[in-house]
Each structure stands twice: as structure tokens, then as C-alpha cells.
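Trainee: Since each chain comes alone in its own frame, lean on the hints to assemble the complex.
Read top to bottom, the protein sequences are chains P and S. Oh and the first sequence: position 212 is 212 in the numbering used here, straight run, nothing missing. Numbers given in the numbering used here equal positions in the second sequence, counted from 1, plus 1000.
Treat the hints with care, since some could be wrong.
[What the hints assert, rightly or not] To give an idea of the interface, some chain S residues facing chain P are shown, with a C-beta separation under 8 Å as derived from the structure:
1) THR1029
2) THR1030
3) ASP1110
4) LEU1113
5) ARG1115
6) PHE1126
7) ASP1159
8) ILE1214
9) ALA1215
10) ALA1221
11) THR1235
12) PHE1237
13) GLY1243
14) ASP1245
15) HIS1251
Hints in this document: simulated from the structure, not taken from any laboratory. We put the CB at the ideal spot given by N, CA and C, even for glycine.
One letter stands for each residue in the lines below.
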Amino acid sequence: MAAQQHEKYYVPASSPWPIVGAVALGLIAFGAGHTVIESKNQVDGWGTTVLFTGLAILVVMLFGWFRDQINESMSGLYSNQLSASYRQGMSWFIFSEVMFFAAFFGALFYARVIAVEWLGGASNNAMTNEVLWPHFEAMWPLTETPGGTTTQAMGWMGLPLYNTIILIVSSFTCHFAHVGLEKGNRTQLKVWLGITIVLGCIFLYLQGAEYVHAYQDLGLKLDSGVYGNTFYLLTGFHGMHVTLGTLMLIVMFFRVMKGHFTHDNHFAFQATSWYWHFVDVVWVCLFIFVYIL
Amino acid sequence: MSSAAGTMDHHDHDHHHHAPSGITRWLFTTNHKDIGSMYLWFSFIMFLLGGSMALVIRAELFQPGLQLVDPHFFNQMTTVHGLIMVFGAVMPAFTGLANWMVPMMIGAPDMALPRMNNWSFWILPFAFAILLASLFMEGGGPAFGWTFYAPLSTTYSSDSTALFVFSVHIMGISSIMGAINVIVTIMNMRAPGMTYMKMPLFVWTWFITAFLLIAVMPVLAGAVTMVLTDKYFGTSFFDAAGGGDPVMFQHIFWFFGHPEVYIMILPSFGIVSAIIPAFSRKPLFGYASMVYATAAIAGLSFLVWAHHMFTTGMPVAAALFFMYCTMLISVPTGVKVFNWVATMWRGSISFETPMLFALAFVILFTIGGFSGLMLAITPVDFQYHDTYFVVAHFHYVLVSGAIFSIMAAAYYWLPKWTGHMYNETLAKWHFWCSLISVNVLFFPMHFVGLAGMPRRIPDYALQFADINQIVSIGAFAFGLSQLIFLAVVVKCVRGGEKAPAKPWEGATGLEWTVPSPAPYHTFDTPPEVK
Ligand SMILES: [Cu+2]
Chain P
1 MAAQQHEKYY
11 VPASSPWPIV
21 GAVALGLIAF
31 GAGHTVIESK
41 NQVDGWGTTV
51 LFTGLAILVV
61 MLFGWFRDQI
71 NESMSGLYSN
81 QLSASYRQGM
91 SWFIFSEVMF
101 FAAFFGALFY
111 ARVIAVEWLG
121 GASNNAMTNE
131 VLWPHFEAMW
141 PLTETPGGTT
151 TQAMGWMGLP
161 LYNTIILIVS
171 SFTCHFAHVG
181 LEKGNRTQLK
191 VWLGITIVLG
201 CIFLYLQGAE
211 YVHAYQDLGL
221 KLDSGVYGNT
231 FYLLTGFHGM
241 HVTLGTLMLI
251 VMFFRVMKGH
261 FTHDNHFAFQ
271 ATSWYWHFVD
281 VVWVCLFIFV
291 YIL
Chain S
1001 MSSAAGTMDH
1011 HDHDHHHHAP
1021 SGITRWLFTT
1031 NHKDIGSMYL
1041 WFSFIMFLLG
1051 GSMALVIRAE
1061 LFQPGLQLVD
1071 PHFFNQMTTV
1081 HGLIMVFGAV
1091 MPAFTGLANW
1101 MVPMMIGAPD
1111 MALPRMNNWS
1121 FWILPFAFAI
1131 LLASLFMEGG
1141 GPAFGWTFYA
1151 PLSTTYSSDS
1161 TALFVFSVHI
1171 MGISSIMGAI
1181 NVIVTIMNMR
1191 APGMTYMKMP
1201 LFVWTWFITA
1211 FLLIAVMPVL
1221 AGAVTMVLTD
1231 KYFGTSFFDA
1241 AGGGDPVMFQ
1251 HIFWFFGHPE
1261 VYIMILPSFG
1271 IVSAIIPAFS
1281 RKPLFGYASM
1291 VYATAAIAGL
1301 SFLVWAHHMF
1311 TTGMPVAAAL
1321 FFMYCTMLIS
1331 VPTGVKVFNW
1341 VATMWRGSIS
1351 FETPMLFALA
1361 FVILFTIGGF
1371 SGLMLAITPV
1381 DFQYHDTYFV
1391 VAHFHYVLVS
1401 GAIFSIMAAA
1411 YYWLPKWTGH
1421 MYNETLAKWH
1431 FWCSLISVNV
1441 LFFPMHFVGL
1451 AGMPRRIPDY
1461 ALQFADINQI
1471 VSIGAFAFGL
1481 SQLIFLAVVV
1491 KCVRGGEKAP
1501 AKPWEGATGL
1511 EWTVPSPAPY
1521 HTFDTPPEVK
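Same shape as in the complex, but just chain S (with noise of 0.2 Å):
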């Protein structure tokens, strides 16, 4: 029975005296802070790549006409810049927050599953390296869109169409297993006292976020595996000669597609619910319609992904349904923004980086969600669809979103990661940098959306030029401030001031009450909560 596998197990007497070291203790490791770690930094380097992919098509698009890249490398930088963000940059980065914070927060030794915790971090970086190297293939990678439609992912996709199938297949055991891992920690691991409703508002949002990974990514394996037979085996799911509907593909897709959209910003509304408290130095106003609030757009996501296919000809009755649905989903959106506002009325606010992070967070994703409902209403979805104007709609809401509210729980959480305090003065500088520099390249998408300019296309019209050369500005402006953010990161890692278990006045929750940094294993004896 002992084993040479089985003797590296029995090290737990001693395990929490010495954190393992070189190579092997990030390839083999179980530790939840070590895997959040690796997802972040992961996410960081994938957030890189797909914005210098961004920057390629940014360039291209500078002038009209066609000046640095052909048309079909152009069509494949924006299938795997939306690839890259979508799977590689802003999930890995929320299941290394969850990684790191959720056993904190609710008091547990660990994640629940840690072994399979390194399992799924570890074949991510398998899914993209396949991914990557498919653009390197004879008629080159993906290059129909991050949402591959049939029949451009079918009749008219490439050959190596089925590298990107099977990297999909992996990213999405990734997310299963993270979710799985995530949602059964929170259901089982909290410590005593720590009930449901009582849970930080990072879990509560991440649990809905876990149950919502676990019900949607198994339906977008189910849409690649179609495209794949459809492609190589002759099945005919998406083509009408043989029964099937190209329409169909995109119900699939987007039943999925939805809920997507929610995972990606959920976990969002828990940092923010944690930070604009801490920093107003009030207790969050109205926790239970937050959790609610959660609990409602959830399960509505499940309910509205027609919206992204009114143009398809689908019957008026369905279009209603899907519009109506889509606009009720603003009133428990609305529930937290007006929650978070009245947290800071007559609050004592600083504006400290993660602050200013989440207030960015507040307004500019409330005007992402204002495109949206632009956006969800039928009839002028005719006008609006397909064109820069949905461009700027959900990079608003991912970048000025998602992404910022990522940057603000890093802020937030540096020096309980690294025991020091970032440098704050470069920190502002970053702030201000990308608040700036992300107005200048998406709120110009909107004017030349509603006039017609097309998503997705290498050229356009000369009437566009001069906006078309402000976003690029402001977009390489962009990419060079999160350069700003890797250094503040890196110096913070290095060194810096110490930082105190609780650096900021007004937090709480249970990751405060351990110093900082948190040791390896934070909560070897659960904490009583009261």
C-alpha cells in the first residue's frame, strides 16, 4: 500500500511548517493561494497577448483601406483576441480571485478539491498553447468570430478548426472543474457561524457564478462538438440540405452566450459590494436585495439570448418575449447600482486605487447597461445590429467592467498577497491613464456605430476616418497603461512598504484578521463567526 505516490502524501504532519519550493511546487502544487496566484498571473500574460491582438486590428483600422494586414489574418486577430479575453484573461482572473479569496472569506483551510483545483488551472495553459498554434497552421487559425457562427466555423472555416474545437473542450473542463471546486467549497467548507447569508458578497456572487458555469459550459461543449461533426463528419446540424438550421447554431451558442456574459460580471458586483463599502466606511446598504438582486439576473440570463438574434427573422411574439425579459433584467441591475450609491451617501470616502477603480466601475458600467437596453429593444436592434455600436456596448461593460473591477481587487488585495503596500502615486497613474485612454477608445465606438460602421471588417469608409483614428489613440494608450499596472504589480511583489493585517480602515471580513501576508495555510482551525 505505501507507494512512492502514496509517501508524498503522508508530509502532512509537517506540511504548514515550509512552503515547498522551486519547479515542482507550482507544478504539483494543492495550495489555493499558490493556484489563485497562477491563475492570476495566467490571466495577466493572456490579457497581454489578446490586447496586443487588439492593437493589431486598432492599427489596421487607424486609416481606411487596407494597410497592414490581409483581410483574413484581420478576421483571425479578432476571433482569438475575443477568444483570449473571453476564456484566457477575464475568467482565469475571477477563478484566481475566488482561488485566493473564497476559502478566506469563508474561513476554510483550503478549497474543497484541491488536487483537481491544480488540474483544472494546469490544462488551461494546454487550451491555449493549442489554440495559439493553430494560427500557425496551413490556412491559418479561427476566423470567424469568437462566436463561430455556422456556417463561417462550418462550410467556410479553415482546417485547423478542429484544434480550436478541442481547446474549447478543454477551457470548458477547466471552468467545470473550477466551478465545481468553487461551488462546493461554499456549500460545505464555510466555518461555523458563517451562514449563507452572511457570506461576503465576492461569495455569494461567485456561487451563483459557479452554479451558472456548471449549467452553461457543458451546452457550449455540446455546440463545438456539432460544429465538429457538421465540419468533418457530415452531420448537417446547421445546414438546411439536410434538415438542420444555421439559426440553430446561434440558440445553442447563445444559450449559452448569456449566462456567459453574467459570469463575467457577477463576481464583479462582489468585489465592488466589498470595495465601495470599505471605503465609504459603512456597512453595504441593502446586503439581502444584493444577494436577490444576484439570485434575479441569474436566473433570467437563462431567458433572454435571443436578444443577439433579432435579425434572424424569428417571430414577433418570440422577439417580444426576449425584449421584455432582456429589460427586466435592468431592475435588478438597477437594485445595485442604487445600492451601491446609497452605501456611499454621507459616507466617509477616501479615493485610494481600488476606490477609484470601483467608482469607475459604477458609471461606466451603468453606461455599458445603458447600451444594453438600446440594444434590447427589436426594432432599432435592425439598426444597431452588427455595428460598432455593439462593439462599444460590451467593451464597456468587459473593459470598464469587468476588467476594471479585476484591477480594483488587485489594488484591494495586494498587500494582503504580498505583505506590502503597492506603490499608491503609480497606482493613481494607472487609474487615471486607463480611465482616460478607455473613454477615448470605446465612447467614440458608439457615434460610429449608429452611423453604420460594420464590427469585424479591415476597411470602411472614409467618413468614419477621423473617429476611427481617435479609438486607435485612445486604444494604444490603453494597452501601454496596463504596462503601468505590471510594474506597480511587480514592485509590489518585490517590495514596499509592510502592510498591516487590515491596511484599510473601513474592510472587513475574515481575510482582515489574518496578517498579512495571509501564511500558506490561512485557516488550519475554522474561526468562530458571530
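Only chain P is shown next, with the shape it has when bound in the complex (with noise of 0.2 Å):
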């Protein structure tokens, strides 16, 4: 009974934050609604002032909901059992983040390989390509679409290539940071872990210089036929998980200041590096399947 006593599952007795969370989605998504309508629409509303109301409360909400699990992981109410169904919780979340991807993935592979090949005329498609567009060849990447608009595809040499090297580099360095804190070796957690930091900004920064070469230089914008559509929601998602992950290796940053973490307990730090391994394996798979073939 004893020998239980300190493994017993902690089950929190209650949380404002879940209900708090809750009224933020609901703005969020209904202030996102309507901006997306009144922008469509050339009007001006009240769309946005909700989305970012929205956003203002997510952001307590995250803060309050976390600072309550530091507490509780620092006042050791955590057992090896909850670290892992975090663990656990972590692994599925990323593996459904993966999916997400994933629909991206099958659209561009459909387009190209199926959509704009049918309308060229492959497969049992002539007349298709006869009655809609007799004029339209299929071609990858699409850089002009039966409809007839143009564009100019992006290389991958250069800013990309620089990219996918910055990122590889940077899953290096986050795992170099994961042993040092592993080993309890403070500074060269400190150290790696800010090098990876300033990675991700670095690709955050080159990444929008690239969408500026491609509007200004290329003509290649979100709304350049199917080529650009996948090319800008694929690389947005990215950017956006990106996004994210810098921002989880900042506060990963000012928690190992602070000094929390040990080497055999830091679920959060593992979660941001396995989230941040995530978000560049996506990208090595963008790097081919979008700039390379």
C-alpha cells in the first residue's frame, strides 16, 4: 500500500483553464469566420476584433494552464506514470499533425500526377482535354494553368537549399542540447539550445524572403493555379509549425534560465524537441516533393 502511495495517479480536482480555452476556440473561430467573410465581402465588421479577442484570452489560457503544470511538476506531484501518458499524449498528437499533413501531400501528388495529367488528355481523358481546354498541356510544375494563368516556378537551388541545410542543422543542435541536459551539463544546453533558436528565426526570416522574391520576382502568389496552391499551403503550414516550434524552444529557453528540468525529468523539453524533429522531417519531405522533383 505504501509502495503505491507515491505512484498514485494525479488526477488535478479541477481547472478554470479547459472552460477559459474553450470561450477563446469559440471566438476564435467565429471571429476568424467572419473576418474571412468581410474581407471577401470588402466590408468593414467586427470579425477581427473577435479573432484577436480570441487570440488575447488563448494566449492567458496557455499561460495559466502551463504555470498550473510547471507548479505541479515542480512540486513533484508527477508520477513516472503521468510523464508518460504526456509522452504518450505528445507522440499521438504529432502522429495526427502528420495526417494533417499528409491531405496536403495526396493534393499535390492528385494534381500533379492526376488532375493535370487528365486534363492534358492522359488516360482515357482526350476528349476532356478536347472539350475544356484543347490547348492545355500538362506539365509540372504548372506554370500555366488551362485557364491560362502564368507563373515561374521556384528553383530549389539557392534559398531553399540554404533552408533545408539550416534546418537539418538545427535538429543536430536541438538533439546536441537534449544530451547536454540529459548528462547535466547546463551549458551546453544553454548553448545549443539558443543556436537552435536562432536557426529557426533564421529560417523563418529567409522563408519570407523567399515569398517576397516569389510574388515580386516570379509571379508565383497563392492564387497562381494549383502549383501555387500547394506550394504556399504546404510551405504556410510549415512556416506556421515552425512558428510554433521557436516559440516552444523560447519558453524551453527561459525555463532551463529559470532552471528547471533534470536530466530525468524535462517532458517539456522532449515534447519541443520531438515536436521540432517533426516540423523538419516535414520539411526535407516539402524540400523534395515541392522544390526538387
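Mentor: Written as C-alpha cells, this is what we have:
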């Protein structure tokens, strides 16, 4: 009995944060919907106000929720079993993110291998081509759509290649930081973690520069047909994930500076590092399938 | 470090002596039973709401010609009826049952991630508030069917589509968080000795359902996101002029959609696999084969999505592949049905209401399965596609399948939840009224469907009038029958004969080892399972 006492699973008595978070998500969804509708109709409205109110409440909620959890963790309420729950929860969350990207990669493959080819008359679709757009020729990247929108393709040399190298290196630096934490070498942890954050920021800056280049020099826009669509949605959602990952790394950095985490109790750090490796892997797939091939 | 919020959590020393009271109990709760009850009540409210929309549809279809509502409103009703029933009624009911029963069945103190559990419930009312609010916007709400095919949902949809998109996002977030909670609870919180192959089948089926949810709800999020950018930001994923393809929408949607139908039926299999042995007073026949069959169904569900799209002109090889894979699913499903029948074979059967609903499930779900098999055959699907035959098929599977199993589960576990026996006479009335009316409602739809009556149309040819009148009468009878259910549940919550720890003679499982009603915190110290 006494042996089981310290392994008792911690169930918080109650928490105000989930309902705050529910209000926040509700406002975000309602506000975002109205923002989109208002911008389409080019009218002024309260959509963005609601959206940003929701986002502000969400930030407060995340802050409060994580503060509670950090306090619980620091006061030793967490058992190994609970840590395992968190780790498994994070793994399944990352799996769900993989499936989210899979939808867009699926769209990319379908458009490239099937939709564009069939519009060009492949398979048994000679009449599709003949009746709809007889002058359309299938190609990838789709630099001229059947409807006549033209664009230039984004090459993989230059910025995308640099960004690939930066993210792959950052995966290693993140790992070195983790090794430092596990060995109890705080200096190694801080230095490598700091470098990882800097690399993440450089990546985001270069990605922004690449978008400017695409819009201004190449005419590659979000509405430039299915090539531009898949390009921007895949790289855009990836960029949002890198932003989130970098923010998580920065929070970890501050927690490390405050002396949090021990070599055997650092779920938050581990989760962040998993997340970072996940965004790197997504980028490698992006680099291969969006840029090179 | 001590803060206002922090101190709330420091009461855990005495928290099992009293349940918190007042509205904050429900708003702040981390208790799996409270959250389970909220899920179940929410689902029942949504069931009545979605049901009344179905009654609007059936009232309009009582006679040919346009009678009560205009076609655009009719389309909104079919759309929102479907969305509410799928995402608001069936899925939350199963999550509610999982919340209540999974920790008790595996001997866990609570769900693995109790705060996230609360969050995944409370975002649901917001999602549906947004969806319903969109009905009152200029141009109306979503009117493109719950499947929101492009270009109906892009080029031809009303302004409010963005609200539909974001509310589906929130429903998806809720489902994913709920599923992560269930899967982690099952993997990590089992009592000592509760090995995987000793888990009750309801736990097993939910385990696999949770995996399906985590795998396909993000794909649905991707689909609605592409609809959003196509409609509002000039992309052309589903527009051939930009190199996209409206058929691509269907591929992405049904890659989510087919596993989704198993998300709505696998937990039913678990429920029925608990109830039939209990009232046959025999162990379940072929436990291991049930587990493997469930896993096989889940695996195959990723390979059959295009059976919804046979008429889109896909290559013959693809049509054949999807046809054979679909028909293959009837093998593991058949294993299940035979196992249930074999469980009853020479059993000492009694027919309390849970058993009646479970038996009706086996028979009516099998009818739905057979019509599904007919629909799987590519060449004849050209005849059935988008007719009332399809409507009959999936309502047999979802109403007399999923919903009946939820009713069975409610009757089976109500004594455990409330500590009272429900009124058996009234419950039997509910069963027989539901059973008869559900068949009056859905069986004749097969005939009009085969005769060519298209679905989702507010008007129809004169020769379909008689059958549509019968169907509409069945619909109102079925809808009213559910008020008996409400009465039974309310009476049972308020009072009634005191329920023993194990009210059903043949029932097995850890949930029957604790008193009725189950204590607020069931297993503070995990039980030993031999
Ligand atoms: Cu299907």
C-alpha cells in the first residue's frame, strides 16, 4: 500500500483553464469566420476584433494552464505513469499533425499525377482535353494553367537549399542540447538550445524573403493555379509550425535559465524537441516533393 | 509559485470526500464521469435538434410538390441534419460512453489527461453554436450536404461557409483531443493484470476507433481548409481551370469519410459484445477473433474510400480495386455477426431492454450491411448512386445500428450511472415503438430508391407519393418515440428502485465490482485483475 502511495496518479481536482480555452477557441472560430467573410465582401466589421480577443484569451489560457502544470511538476506531484501519459499524448498529437500534412501532400500528388495529366488528355481523357481546353498541355510545375494563369516555377537552389541545411543542422543542435540536459551539462544545454532558436529564426526570415521573391520576381502567388496553391499551403502551414516550434523552444530556453528540468524529468523539453524534429522531417519531404521533383 | 490558480489544485488531499457543487462543478470539472454525463446530455440534445430538422424534411416530403419550405432551406436542413447527427449526436455519445466506462472497465482512477478531457467537451457547444448561427446569416447556412462536395461548397455556397469551415475545425479538434485521451488512457492506465487481451471489447473497439479518429480527422481539417482557400482566397484545388479537380475533393473527403463511418460503428460492436453475453449468461464467443476482426475492419477502411465515387468516371482498374476491398470488409463483419449469434446459441437468454436493443442492432445493422454490399458492386451502384436506396442503407447502419447501440448502452449502464433501475415497462414501450417506427421510416426508402427517387430533393415524381407518406409517418412516430426515452432517463436519474452493484445477472467486468451509483472516484487504488 505504502509502495503504491507515491505512484498515485495525479488527477487535478478541477481547473478553470479548459473552459477559458473553450471560450477562446469559440471566439477565434467565430471571429476568423467573420474576418474571412468581411474581407471577401470588402466590408468593415467586428470579425477581427473578435478574432484577436479570442487569441488574447487563448494566450492567457495557455499561460495559466502551463503555469499550473509547471507548478505541479516542480512540486513533485507527477509520477512516471503521468509522464508516460504526457509523452504518449504528445506522440499521438504529432501523428495527427502528420496526417494533416498528408492531406496537402495528397492534394499535391493527386494534382500533379492525375488532375493535370487528365486535363492534358492522359488515360482515357482525350475528350476532356479536347472539349475543355484543347490547347492545354500537361506539365509540372504547372506554369500555365488551363484557364491561362501563368507563373514561374520556384527552383530548389539558393534559399530553399540554405533553409534545408539550416533546418537539418538545427535538428542536430536541438539533439545536442537534449544530450546536454541528460548529461546534466547545463552550459551545453543553453548554448545548443540558443543556437537552435537562432537557426529557427533565420529559417523563418529566409522563408519570408523567399515569399517576397516569389511574389515580386516570379509572379508565383497563392492564386497562381494548383502549383501555387500547393506550394503556399504546404510551405505556409510548415512555416506556421516552425513558428510555433520556435516559440516553444524560446519558452524552453527561459525555463532552462530559471533552472527547470532535471536529467530524468523534462517532458516539456522532450516534447518540444520531438516537435522540432517533426517539423524538420516535414521540411525534408517538402524540399523533395515541392521544390526538387 | 503559489498562485490563485495554483491553489485550486492543491485541494487534492480531500477531493474525494465531496463532489464540488454548483455550475463551476460542470465548467471546471476534470472528472471523467461528469464529463461523460455532459457529453451524453449534449449528444441527446443534438439528437433531438438534428431529429427535428429531419422532421422538417419529412414534413416537406409528405406530399409531392413544394409545400412548406423553399428548396434552399430544405437543402440547409439536409446539410445541418447530417452534420449535427454525425458530429453532434453519434460521435459525442460514444465519447461520453468512453469517458464513463473506459476508466471503470480498465480499473483506472480517471482519464489519462483530465483537463484536456474537459476542454475537448466544452469546445463542442461553441462549434455547434457557430454552425447553427450561420443558418441565420444573410444567404443562409451551409446547403451543400454534410459531404460539402466542391464546387457546391466553393463556387456555389453562401457567404457563411467560412463559419461552417471553422466550426468543423473545432469539432475536429474536439474529436482528436478526445481520441488522444482515450488511446492514452487505454495504453497507460490499465490496472495491474489487465493485459490487452483481457480488455473488454468496448475498450478494444474504442482503442481502434481512437486510432482511426487521430488518423482521419486531420484529413477532414485539410479538406475544409482547401474549401476555405478555394472559396475565399482564390486557390483552385477543386477547380479544373487552375489545374485542380472537383473529384479530388471527393477523394480527400472520403479518405476521411469512410473511416469515419467505422468510427461511428466500431464502439457499437463493443457495446453489443458486452450486452449479448450478459443477457445470454454465456461468455462472448470468439473474443480474440472479435479483436482481430475489429482491427481488420479498421485497416481495410483506409482502402475503400472511392466506393462513394464509382460514378465519377474513375479508371476501371481503380473501380475494381475499391469494389473488391469493400466486399472484403464483409468477412470480418460477418465474423462478428456469427460470433454474436454463437454467443446466444444455447444461452439462457432473457429479454430486458438493453438486450432487445442489442438484438435489434444485430438484425437491422446486418440489413444495412447487406444493402452496403449491394452498393459496393460497381456496375449496379450506377443505378443506386445518390438515390433513396443509399439513404436507406446508411440510416439502417447509423440509426438502427449506431443509435440503437447507444440506446442499448444507456439502458445497460443507467443503473451504474444513477444508482437506480430504470422503468422497464416504459423502456419496453420505447423499444417497441422505436423498432416498429424505424422500419416504417427506413425500409420503404429502399423501394423508392431502387425506383429512382433521388436524395436531397424537396420535390418528387407523383408515383413516389404513397411510399413517401408512409416514410414520413414512420419518421414522426420514431421522433416522438424518443421522448419516451427522455422520460425514462429523467425518471431514472430522479429516483426509482435502488440498483445493486451488479443489476444484470450475467454481466461481467470491473464496472460491476463497484457500488451503484459508481463512486465519484472509482479506483483510487487500482484493482488487481487475475
Ligand atoms: Cu464508405
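Trainee: If you take the shortest Cβ to Cβ gap from S:ASP1159 to chain P, is it below 8 Å?
Mentor: With a closest approach of 5 Å, the S:ASP1159 hint holds.
Trainee: Does the CB of S:ILE1214 sit less than 8 Å away from some CB of chain P?
Mentor: Result: holds, 5 Å to nearest chain P Cβ.
Trainee: Tell me if S:ASP1110 is really an interface residue toward chain P, meaning its C-beta lies closer than 8 Å to one of theirs.
Mentor: It holds, given that the least Cβ distance between S:ASP1110 and chain P is near 5 Å, below 8 Å.
Trainee: Just to be careful: measuring from the Cβ of S:PHE1126 to every Cβ in chain P, is the smallest value less than 8 Å?
Mentor: 3 Å, holds
Trainee: Using the nearest Cβ pair, does S:THR1235 come within less than 8 Å of chain P?
Mentor: Hint holds; S:THR1235 Cβ to chain P Cβ min 4 Å, cut 8 Å.
Trainee: Would you check whether S:ARG1115 satisfies its interface hint, that is, whether its CB is within less than 8 Å of any CB in chain P?
Mentor: 5 Å, holds
Trainee: Given S:ALA1221 as an interface hint, is its Cβ closer than 8 Å to any Cβ of chain P?
Mentor: It holds, given that the least Cβ distance between S:ALA1221 and chain P is near 6 Å, below 8 Å.
Trainee: Quick one, is the S:PHE1237 hint okay against chain P at 8 Å, beta carbons?
Mentor: 6 Å, holds
Trainee: Using 8 Å as the Cβ threshold, decide whether S:THR1029 counts as touching chain P.
Mentor: S:THR1029 check passes; min Cβ-Cβ to chain P is 6 Å, inside 8 Å.
Trainee: Interface hint check: S:GLY1243, Cβ to nearest Cβ on chain P, cutoff 8 Å. Holds or violated?
Mentor: This hint holds: S:GLY1243 lies near chain P, its Cβ roughly 4 Å from the closest one there, short of 8 Å.
Trainee: Tell me if the interface restraint on S:THR1030 is satisfied: Cβ within less than 8 Å of some Cβ in chain P.
Mentor: Status holds, d = 5 Å.
Trainee: Restraint: S:ALA1215 near chain P, CB-CB cut 8 Å. Satisfied or not?
Mentor: Since chain P brings a Cβ to about 5 Å from S:ALA1215, closer than 8 Å, the hint holds.
When each numbered hint is compared with the structure, no violation occurs for any of them.
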